[in-house]
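Chains A and B, in that order, give the protein sequences.
Here our numbering is used: the first residue of the first sequence is 1, the next is one more, and so on.
Here our numbering is used: the first residue of the second sequence is 1, the next is one more, and so on.
These aren't lab readings, by the way, just hints derived from the structure by calculation.
Source: prediction; values computed, not measured.
Do not take every clue at face value.
[To be verified] Straight-line C-alpha distance at most 20 Å; calculated EDC-like pairs for lysine to aspartate or glutamate:
1) B:Lys343 x A:Glu65
2) A:Lys108 x B:Glu529
3) B:Lys412 x B:Asp474
4) A:Lys108 x B:Asp367
5) A:Lys158 x A:Asp237
6) B:Lys343 x A:Asp64
7) B:Lys343 x A:Glu66
8) B:Lys159 x B:Glu84
9) B:Lys412 x B:Asp365
10) A:Lys108 x B:Glu368
[To be verified] Here are some, though not all, of the chain B residues that point toward chain A, as calculated from beta-carbon distances under 8 Å:
11) Trp326
12) Gly330
13) Gly334
14) Asn360
15) Asp365
16) Gly374
17) Gln381
Even glycine gets a Cβ: it sits at the ideal position worked out from N, Cα and C.
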Amino acid sequence: MKRYLSHPFWQGAIVVVASYVAFEYVIGYALPVIGVASAPVPSSVILEYMLIVLVGILLYMSADEERWQRFREPIRATMVRRDRRTLRGILMVAIPVVIGWLAYERVKPSYAAPATLRAVHPAPPNQLTFRGETIELTGLENPLHEEGSMAEHLAAGKRIYVRNCVPCHGDLLDGQGHYAPAFNPVPADFTSSGNLPQLTESYVFWRIVKGGPGLPREGTPWDSAMPAWEQVLEQNDIWAVILYLYDQTGFTPRTWEEEGEGGHE
Amino acid sequence: MKRWVARGAATRGVLLAALALAVALPLLAQAPGPDYGEFNFLGLDRRGAVWIAAQLHLLFAAFVLGVPMFAVVIEAIGMFGGDEKYDKLAKEFTRLLLVAYSATAIWGAILVFFLSTLYPRFWAYLTAIFAPSMWVYAGLFFLESFTLYLYYYGWDAWKKGAAKKVHWCLGIMLNIWGTIVMFIANGWLTYMMSPPEGLTVDTAPQTVQLWSAINNATWMPINIHRLLANVVFGGAVVGAYAAYRFLTSRTDEERAHYDWMGYTGNLIAIGALIVLPFAGYWLGREIYEFSQQMGITMMGGFMSWLWIIQAFLIGILFLAGNYYLWIGMGRIPGAERFQPYIKWMLLVLVLGVIVWATPNTMIADRDEIAAMGGIRHPFLQVLGVMSAKNTAVNLMILTTFLSFLMYRRANKDPVVPWARAGTMLQGAAFALSAVVVVFYGVYGYFVTAIVRIGFSVYQVLAVLATILFVIGIDMAMLRGAKSRGEIRWGRMPDRSQYALLILAVTFTWLMGLMGFARSGIRQHWHVYEVIRDTSEQAFTPALGPAATIISICVLIFFGLVGFIFWLGGLAERSVYREAEAKVRAGHEGRAPLGDPLPAPSLGDVD
Chain A
1 MKRYLSHPFW
11 QGAIVVVASY
21 VAFEYVIGYA
31 LPVIGVASAP
41 VPSSVILEYM
51 LIVLVGILLY
61 MSADEERWQR
71 FREPIRATMV
81 RRDRRTLRGI
91 LMVAIPVVIG
101 WLAYERVKPS
111 YAAPATLRAV
121 HPAPPNQLTF
131 RGETIELTGL
141 ENPLHEEGSM
151 AEHLAAGKRI
161 YVRNCVPCHG
171 DLLDGQGHYA
181 PAFNPVPADF
191 TSSGNLPQLT
201 ESYVFWRIVK
211 GGPGLPREGT
221 PWDSAMPAWE
231 QVLEQNDIWA
241 VILYLYDQTG
251 FTPRTWEEEG
261 EGGHE
Chain B
1 MKRWVARGAA
11 TRGVLLAALA
21 LAVALPLLAQ
31 APGPDYGEFN
41 FLGLDRRGAV
51 WIAAQLHLLF
61 AAFVLGVPMF
71 AVVIEAIGMF
81 GGDEKYDKLA
91 KEFTRLLLVA
101 YSATAIWGAI
111 LVFFLSTLYP
121 RFWAYLTAIF
131 APSMWVYAGL
141 FFLESFTLYL
151 YYYGWDAWKK
161 GAAKKVHWCL
171 GIMLNIWGTI
181 VMFIANGWLT
191 YMMSPPEGLT
201 VDTAPQTVQL
211 WSAINNATWM
221 PINIHRLLAN
231 VVFGGAVVGA
241 YAAYRFLTSR
251 TDEERAHYDW
261 MGYTGNLIAI
271 GALIVLPFAG
281 YWLGREIYEF
291 SQQMGITMMG
301 GFMSWLWIIQ
311 AFLIGILFLA
321 GNYYLWIGMG
331 RIPGAERFQP
341 YIKWMLLVLV
351 LGVIVWATPN
361 TMIADRDEIA
371 AMGGIRHPFL
381 QVLGVMSAKN
391 TAVNLMILTT
401 FLSFLMYRRA
411 NKDPVVPWAR
421 AGTMLQGAAF
431 ALSAVVVVFY
441 GVYGYFVTAI
451 VRIGFSVYQV
461 LAVLATILFV
471 IGIDMAMLRG
481 AKSRGEIRWG
491 RMPDRSQYAL
501 LILAVTFTWL
511 MGLMGFARSG
521 IRQHWHVYEV
531 IRDTSEQAFT
541 PALGPAATII
551 SICVLIFFGL
561 VGFIFWLGGL
571 AERSVYREAE
581 AKVRAGHEGR
591 APLGDPLPAP
601 SLGDVD
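Just chain A, same shape as in the assembly (with noise of 0.2 Å):
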């Protein structure tokens, strides 16, 4: 066990197993046992991230030459030597096999959706219009935060996300409304640390304003169900549901750079 265990071959395809387990077994599964919010890794991903561990395992092995030599040692005997002849004849066949069988696999026939990428954070455009009002979305900030009572504008925030939005992003505002399970992307969580915070309040008005249907052309594919609300919600109902998501949340929304450092816009 100790000769395999100081092996270059064997140790670096201990790496290759021990990887495997660590990105598909203990994020996927392991974690969440402990309490540490995590979920099965995309196979997409466990692909990138294998491949940049074997491309690590051959640079290592062949950066020294002793090493190299060792390390293809087994694989040169058990194509050349005679005693290895039942282990050659089986890898003969299984690898042929094992490369038939993946290749089936993603050519298959299959009823489900293929994988997609959507650009979840699309480019806003410089303006939108309003019911026909052209309204500058660069530099656009929440009116609100100069007029009116922050208590009564968050107030007036949580009754209309109750009775608007509660359906599909839920009432703890994790997207896992009771209408969530059916939608395809699913709606935005409004706790995850990659959405409030990352962008503008004029961002968000934007996409509540215009919905799916005024997704701009990179964020196909456009099956995004969130309705255009500037036909039922005015615009101060939008701003202040915005301001209930920050402060129900926690996060602090993306600001526009000062002026004077360089902004052009």
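For this one, chain A is given, so just place chain B on it according to the hints.
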């Protein structure tokens, strides 16, 4: 005769480019014809044709602008240090320029022909604004050409005393002309990205002031970014040339020389690469400030996955660059003592690539999305944002620098009394820098985006300051150091040379990809929000078709560069003839790996 042929080809190329410009300028500035010309060649449309011509022109131009920058520095090292081998190396670098220069001009001419015939109205628009600068460009092109001829062909004639200094000044002039030429061309293309404020679709081109058009928001960031990138690219391509010559060499002396040349090319490429992210960051910031829409399209929207491809390519660069150094330590007596550290440095690099290649939004099928509760992974999403990626890349830069430091010190034992303290100080600087990088990386998760953006500056500054500080100590500490033995130049396994070739190909592909990103973020505009693209190609190609075009460009480029390499080999065939004859007479062609060979004398190269 060969030299005359090379000079003739270069001159013809320059004349062709000037002729194209001279014909196209006055005629097409007034052309009232259709907006677009017809083009279809083997399925390639007009945009593909212009894309390929522009990319190939840029690749050759980057090479002919990058190489003189370090050729003139290496010449100065030879001139002021009194070591002739550097002078010979600088001349060998410059020789590669001659044919590459004509290729630059030829592709430039093809680009002008394509633009003026396939996009006549847009070309007329550009010439209406930029015509004076185009004439200056053509004039400087002539100056640059003839300065290059004087620089190369005068190398041996002006070899001593004051004449050598004059010759060196010619090299500097060559760089100055080349840089101005590039700055002018950059003005044209950056105008298309970020035209001056106030321009609309109704603005007549004659009313646009030339200087305001050139001095636009992204002009200077592109200038600096390209200056540095040209050095990186030039170093990588001469490294590939050396690798090619190494692999085809027949004598130990030849192998020793090209091993050294490859090492120098790689050192230049990786050295300049380390500061390139700074310039890239500035450019990205300017793009974002010019237009939020453009910035988001580039970083978070349509092109966000392009950065995952870029991460892979950068990962290849870091891994291949370090691999070359590690494998090169096999030919340095005393390097064995650093071998145990390699696996830990590799671990940092592999983890860094994994972090950088982790997408923020993942390609996933319906079941996977359902399991994740969205398109972001609940655990891995912490690696998908810039805080993680900046931290990873800065640690990778530090690791690469550590590899270089070990390589540099491998066969030396410092003799200064403070050597131990100096080494500890260097270690402390590395540790402190890593702590700063990790601290701001983690802290970035707890602050707003606007604050977080500023953190990346602190991280890069910490790394750059460490590099300067550590190298300063190292230079002082290794003065008069005891040698453990000479580097056995030429005693490199062939696979090390493939690392150099991979570096050159990856840099080329990366330039193509980043060029697509820069140009593609204009989307359906020739000039952003001023001149709309109304052709049938008024859309941004997806990554797949873009990757195909980029790959075609890389293949054509290396096909032509391979020809240039072969020509370079022809020119030097006689140099090693004598040594080869010895080999054929019975000497061993390749000495055993343990057998030391002196550093390349280069006495009879060229």
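The hints, checked one at a time:
1. B:Lys343 x A:Glu65: Holds, at about 15 Å.
2. A:Lys108 x B:Glu529: violated, 46 Å
3. B:Lys412 x B:Asp474: holds, 11 Å
4. A:Lys108 x B:Asp367: Holds, because 18 Å separates the two Cα atoms, which is no more than 20 Å.
5. A:Lys158 x A:Asp237: holds, 10 Å
6. B:Lys343 x A:Asp64: holds, 11 Å
7. B:Lys343 x A:Glu66: Since the Cα atoms of Lys343 of chain B and Glu66 of chain A sit roughly 15 Å apart, the hinted pair holds (cutoff 20 Å).
8. B:Lys159 x B:Glu84: This hinted pair holds, its Cα atoms lying about 10 Å apart.
9. B:Lys412 x B:Asp365: violated, 56 Å
10. A:Lys108 x B:Glu368: holds, 19 Å
11. Trp326: holds, 4 Å
12. Gly330: OK, holds: Gly330 of chain B within 8 Å of chain A, min 6 Å.
13. Gly334: Violated, because the Cβ-Cβ distance from Gly334 of chain B to chain A comes to roughly 15 Å (cut-off 8 Å).
14. Asn360: holds, 6 Å
15. Asp365: Status holds, d = 4 Å.
16. Gly374: Gly374 of chain B check passes; min Cβ-Cβ to chain A is 5 Å, inside 8 Å.
17. Gln381: This interface hint holds because 6 Å falls under the 8 Å limit.
Violated hints, in rising order: 2, 9 and 13; the structure is consistent with all others.
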